[in-house]
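> Sequence:
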Amino acid sequence: MTSKILVLAFFTVLAATRTFSGADLNFGELNQTFTAPTINHAVKVPIGNKNFSLNVMIAEFEPPANITTNLQNPRVAATIYELSWPWNTTINETLKTLEGVEEPRFCVSIPLGPIPDSVTKAYKETDLGDCANALGEPCTRDLKNQGFAPDVGCNTPIPESCSGKLGSGSIGSAPLINIEQKYYSAYEKSEARFAYTTSEIYSAGNDTLFQHDVQRLHVLLFTSSGSAPICVRVADHKVSGAMARPGGSMCFVALLALGAMLFMI
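Per mature numbering (1 follows the signal peptide of the UniProt record, and there is no 0), the sequence shown runs over residues -17 to -1, 1 to 248.
Treat the hints as calculated values from the structure; they're not laboratory data.
Warning: the hint list may mix true and false statements.
[Claimed, not checked] Quick list of the computed label-pair ranges, beta carbon to beta carbon:
id, residue 1, residue 2, range
1, Asn34, Gln194, 47 to 53 Å
2, Gln55, Pro99, 32 to 38 Å
3, Glu86, Gln198, 19 to 25 Å
[Said to hold, decoys possible] Below, in silico cross-link-like pairs of lysine-lysine (DSS-like), each with a Cα-Cα straight-line distance of 27 Å or less:
id, residue 1, residue 2
4, Lys79, Lys27
5, Lys104, Lys27
6, Lys127, Lys79
7, Lys107, Lys33
8, Lys104, Lys127
9, Lys33, Lys127
10, Lys127, Lys27
11, Lys127, Lys107
12, Lys33, Lys79
13, Lys27, Lys107
All of these numbers come straight from a predicted model, not from anything done at the bench.
Glycine included, C-beta positions come from ideal geometry on N, C-alpha and C.
Produce the complete structure using the sequences and hints provided.
Structure below.
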């Protein structure tokens, strides 16, 4: 078996350069006021002997004024990933307590390409975050056994048993502890919005791209001393009130595909 790993360097994307070409993954927080109630679904994430919680939210916003478009009433759909954890402490302190280590490691990996329809259809409403039905037992087991690879930070190889199940094979990865300490000082206790995707620009009333994010399967891999693969489909949803973050302008701290990996098996 021959593997090829492509590592993309860290870079920042400023709001002025955004074109909203579709399905862009960014690590950081999307500071935006949303134009409609959000749709969200939360599932448990087992870390150590405690459960963290992953909340996946689908929302819609107006692109900023410096984005040029010929569309009437332009909108962008966004998927926001939020993690909360037990106790009113930082992620770093929580992991120190849970795992008994002075310098815990905590990463998240998210596929950059769309998950195949067959994988999405295999996920059941009753799975509640479990990936076994969607990805299969061998892939899920191997992901759980996956640890940190030497000298590559958060970039860990995708098991051969998962080949063809995670879209194109490109994976965006980032250290959650570093993100939480550097960018989430106001939200460092109990929760953090750590990543988001944005769609192409569309006209209000055309909800095709919004519904795509609602219906698609979201797959994330959290890695600390062990690994927790999580699958969730927001179609099993609830509607909450319109949400906003301070500073209605868009702050794209986009650690896009920090340490992204392309595995060709």
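> Please name the hints from earlier in the document that this structure breaks, with their numbers sorted from lowest to highest.
Violated: hints 1 and 3.
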